[in-house]
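Here the protein sequences come in this chain order: V and L. Mapping of the first sequence onto the numbering used here: residues 1 to 210, in sequence order. Mapping of the second sequence onto the numbering used here: residues 1001 to 1210, in sequence order.
Hints are supplied without guarantee of correctness; some may be wrong.
[To be verified] Derived pair list, reagent style EDC-like, types lysine to aspartate or glutamate, alpha-carbon separation capped at 16 Å: (1) L:Lys1114 - V:Asp115; (2) V:Lys161 - V:Asp27; (3) V:Lys114 - L:Glu1088; (4) V:Lys144 - L:Glu1088; (5) L:Lys1197 - L:Glu1024; (6) L:Lys1045 - V:Glu39; (7) L:Lys1197 - L:Glu1017; (8) L:Lys1196 - L:Glu1021; (9) L:Lys1114 - V:Glu88; (10) V:Lys114 - L:Asp1115; (11) V:Lys144 - L:Asp1089; (12) V:Lys101 - V:Asp79; (13) V:Lys114 - L:Glu1090; (14) V:Lys202 - V:Glu175; (15) L:Lys1144 - V:Glu90; (16) V:Lys114 - L:Asp1089; (17) L:Lys1114 - V:Asp89; (18) L:Lys1144 - V:Glu88; (19) V:Lys45 - L:Glu1039; (20) L:Lys1002 - L:Glu1023; (21) V:Lys104 - V:Glu55; (22) V:Lys197 - V:Glu24; (23) V:Lys104 - V:Asp129; (24) V:Lys100 - V:Asp79; (25) L:Lys1144 - V:Asp89; (26) V:Lys16 - V:Glu49; (27) V:Lys144 - L:Glu1090; (28) L:Lys1114 - V:Glu90.
[Unchecked claim] Ranges between beta-carbon positions, derived for each pair: (29) L:Glu1017 - V:Lys197: 45 to 51 Å; (30) L:Phe1051 - V:Glu97: 33 to 39 Å; (31) V:Glu148 - L:Gln1140: 35 to 41 Å; (32) L:Ala1141 - V:Leu9: 32 to 38 Å; (33) V:Gly143 - L:Lys1002: 37 to 43 Å; (34) L:Asn1159 - V:Ala125: 39 to 45 Å; (35) L:Lys1002 - V:Val156: 43 to 49 Å; (36) L:Glu1017 - V:Gly53: 37 to 43 Å; (37) V:Val156 - L:Gln1102: 39 to 45 Å; (38) L:Gln1102 - V:Ala50: 31 to 37 Å.
Just so you know, these hints were derived from the structure itself, not from any lab. Every value quoted in this text rests on a predicted model; they were computed, and no experiment measured them. In this text, a Cβ means the ideal position worked out from N, Cα and C, and glycines have one as well.
There are 2 protein chains.
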Amino acid sequence: MKLQLALDLVNIPEAKEVVKEVEEYIDIVEIGTPIIKIEGLRAVKEIKEAFPGLEVLADLKTMDAAAYEVQKASEANADIVTILGVAEDESIKGAVEEAKKQGKEILVDLIAVKDIETRAKELDALGVDYICVHTGYDLQAVGKNSFEDLQTIKRVVKNAKTAVAGGIKLDTLQEVVKAQPDLVIVGGGIANQEDKKGTAAKMQEMIQQG
Amino acid sequence: MKLQLALDLVNIPEAKEVVKEVEEYIDIVEIGTPIIKIEGLRAVKEIKEAFPGLEVLADLKTMDAAAYEVQKASEANADIVTILGVAEDESIKGAVEEAKKQGKEILVDLIAVKDIETRAKELDALGVDYICVHTGYDLQAVGKNSFEDLQTIKRVVKNAKTAVAGGIKLDTLQEVVKAQPDLVIVGGGIANQEDKKGTAAKMQEMIQQG
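Work the whole structure out from these sequences, hints included.
Here it is, written out as structure tokens:
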């Protein structure tokens, strides 16, 4: 099981500071969608340069022109690129093909997918590397989480790695770890804490034991 | 009826050159999703600075954290911001509310929406400014277009303006104009032509007559 730190509401210098504090306890650092839209893919490039020992995920949430976007993220040295589960199969295929060519991985974000079970099976058959259940900010705000959806994809996904994101904190991590995803994605649960390093250390420990 | 030039596969200096050539014949210039992801929102800011007489649309294709993304695009002087029709209603509401606060407009992109008619009605009720049918690059590549979907939304949308995008060229524009959308979005149909200015001029003329 791996731990990914998602950075969304910071600029590049702030992102570097947070990662520096917790780098020994995380496996992957995610450059979130808002950072990429505000700063561009140089955010990915700069973080990878500063932390070559970490995997870097570019949260492009690609919806179209998928091969092109994966190519551009690869040029910025992303290791993993995200595409939306609600995207057309043609886009998913384009992303997977380009990622294979570039030696990168594709994570599909199931945010806003209505029939998680059916779509997860389809995506698994399309050869994506990770399938991620995700309750976004706008649904977290009305009290939703992804823990049930995680059980669903764990049951039906046979080839891809499984991932979970959306509002995970230290006090909910145990429940998530029990479901045995391959990747746990934490944003504010680390980045907004007073003691980021201590929190990340505890989370990594729980994940190792899980 | 307005004409929007969509710029996707260019960098900022190339975008400026293309807009300069056709500016008198277009109403809105769209900074496409790939440009924003590669260059960041400064692409929007620079184009608006260079062409203050044109409306600028930031094609964010927002999926989450909608109010935040609309706020950031507003700070970059976008006039119109896009959100995905497949996004959760909570996100659509957040985008509309923030756009109202900022004095901006929201265009919802129906790309990959399965039931266009139902979703268009719902989005219309949520108070968005534009509803846009859109066949993306990855489906254009397998021969799809948006002309039928345009008829569908023209029939059911009562309040929002209607828009159409995806593979529109000079020789297909007449069919599009007949359906009387409020906004026609053209990308390669202008940007990839030898005579961009002449093509844009002809298109604007057809739209005026339509």
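These are the hints, each one checked on the structure:
1. For the hint linking Lys1114 (chain L) to Asp115 (chain V), the alpha-carbon distance of about 13 Å falls within 16 Å, and the restraint holds.
2. Distance check on the hinted pair: Lys161 (chain V) and Asp27 (chain V) sit about 15 Å apart at the alpha-carbon level, within 16 Å; holds.
3. At most 16 Å may separate the alpha-carbon atoms for a hinted pair to count; Lys114 (chain V) and Glu1088 (chain L) meet this at roughly 10 Å.
4. Of the supplied pair hints, the one linking Lys144 (chain V) and Glu1088 (chain L) holds, its CA atoms being roughly 12 Å apart against a limit of 16 Å.
5. Restraint check for Lys1197 (chain L) and Glu1024 (chain L): the C-alpha separation of about 9 Å stays at or below 16 Å, so the hint holds.
6. The suggested pairing of Lys1045 (chain L) with Glu39 (chain V) holds, with an alpha-carbon distance near 12 Å, which does not exceed 16 Å.
7. Using a Cα cut-off of 16 Å, the hinted pair Lys1197 (chain L) and Glu1017 (chain L) holds, with the two alpha carbons roughly 11 Å apart.
8. Under the criterion of a C-alpha separation no larger than 16 Å, the hint pairing Lys1196 (chain L) with Glu1021 (chain L) is consistent with the structure, at around 7 Å.
9. This hinted pair checks out: Lys1114 (chain L) and Glu88 (chain V) have alpha carbons roughly 10 Å apart, not beyond 16 Å.
10. For the given pair, Lys114 (chain V) sits about 13 Å from Asp1115 (chain L) by alpha-carbon distance, which is consistent with the 16 Å threshold.
11. For a cut-off of 16 Å, the pair hint linking Lys144 (chain V) to Asp1089 (chain L) stands: about 14 Å separates their Cα positions.
12. A C-alpha spacing of about 13 Å is found between Lys101 (chain V) and Asp79 (chain V), which places the hinted pair at or below 16 Å, so the restraint holds.
13. About 14 Å separates the Cα atoms of Lys114 (chain V) and Glu1090 (chain L), which keeps this hinted pair within 16 Å; it holds.
14. For the hint pairing Lys202 (chain V) with Glu175 (chain V), the CA-to-CA distance comes to about 15 Å; that is within 16 Å, so the pair holds.
15. Restraint check for Lys1144 (chain L) and Glu90 (chain V): the C-alpha separation of about 12 Å stays at or below 16 Å, so the hint holds.
16. A threshold of 16 Å between alpha carbons decides the hint, and for Lys114 (chain V) with Asp1089 (chain L) the separation of about 13 Å falls inside it, so the pair holds.
17. Our distance criterion of 16 Å between C-alpha atoms is met by Lys1114 (chain L) and Asp89 (chain V), whose separation comes to about 13 Å.
18. Note on Lys1144 (chain L) and Glu88 (chain V): the hinted pairing holds, with a Cα-Cα distance of about 12 Å set against a maximum of 16 Å.
19. For the hint pairing Lys45 (chain V) with Glu1039 (chain L), the CA-to-CA distance comes to about 12 Å; that is within 16 Å, so the pair holds.
20. Pair hint Lys1002 (chain L) plus Glu1023 (chain L) holds up; C-alpha atoms about 13 Å apart against a cutoff of 16 Å.
21. For the hint linking Lys104 (chain V) to Glu55 (chain V), the alpha-carbon distance of about 11 Å falls within 16 Å, and the restraint holds.
22. At most 16 Å may separate the alpha-carbon atoms for a hinted pair to count; Lys197 (chain V) and Glu24 (chain V) meet this at roughly 9 Å.
23. Between Lys104 (chain V) and Asp129 (chain V), the direct Cα distance comes to roughly 9 Å. Compliance with the 16 Å bound is thereby established for this hinted pair.
24. The suggested pairing of Lys100 (chain V) with Asp79 (chain V) holds, with an alpha-carbon distance near 11 Å, which does not exceed 16 Å.
25. About 14 Å separates the Cα atoms of Lys1144 (chain L) and Asp89 (chain V), which keeps this hinted pair within 16 Å; it holds.
26. About 11 Å separates the Cα atoms of Lys16 (chain V) and Glu49 (chain V), which keeps this hinted pair within 16 Å; it holds.
27. In summary, the hint linking Lys144 (chain V) to Glu1090 (chain L) is supported, as the alpha carbons are separated by about 12 Å, within the 16 Å threshold.
28. Restraint check for Lys1114 (chain L) and Glu90 (chain V): the C-alpha separation of about 14 Å stays at or below 16 Å, so the hint holds.
29. The beta-carbon spacing between Glu1017 (chain L) and Lys197 (chain V), approximately 49 Å, falls within the hinted interval of 45 to 51 Å.
30. In this structure, Phe1051 (chain L) and Glu97 (chain V) meet the distance hint of 33 to 39 Å, their C-beta atoms being roughly 37 Å apart.
31. For Glu148 (chain V) and Gln1140 (chain L), the Cβ-Cβ distance of about 37 Å falls inside the hinted range of 35 to 41 Å, so the restraint holds.
32. Taking 32 to 38 Å as the suggested C-beta distance range, the pair Ala1141 (chain L) and Leu9 (chain V) conforms, at roughly 35 Å.
33. Roughly 40 Å separates the CB atoms of Gly143 (chain V) and Lys1002 (chain L), a value that falls within the hinted 37 to 43 Å.
34. The hinted window of 39 to 45 Å between Asn1159 (chain L) and Ala125 (chain V) holds, with their beta carbons roughly 41 Å apart.
35. Distance hint check for Lys1002 (chain L) and Val156 (chain V): the Cβ-Cβ separation is about 46 Å, which falls inside the suggested range of 43 to 49 Å.
36. In this structure the hint that Glu1017 (chain L) and Gly53 (chain V) lie 37 to 43 Å apart at CB holds, the actual value being about 41 Å.
37. Range check, Val156 (chain V) to Gln1102 (chain L): Cβ separation about 42 Å, and the 39 to 45 Å hint holds.
38. Restraint check, Gln1102 (chain L) to Ala50 (chain V): a C-beta distance of roughly 34 Å satisfies the suggested window 31 to 37 Å.
Every hint, counting from the list given before, is met by this structure.
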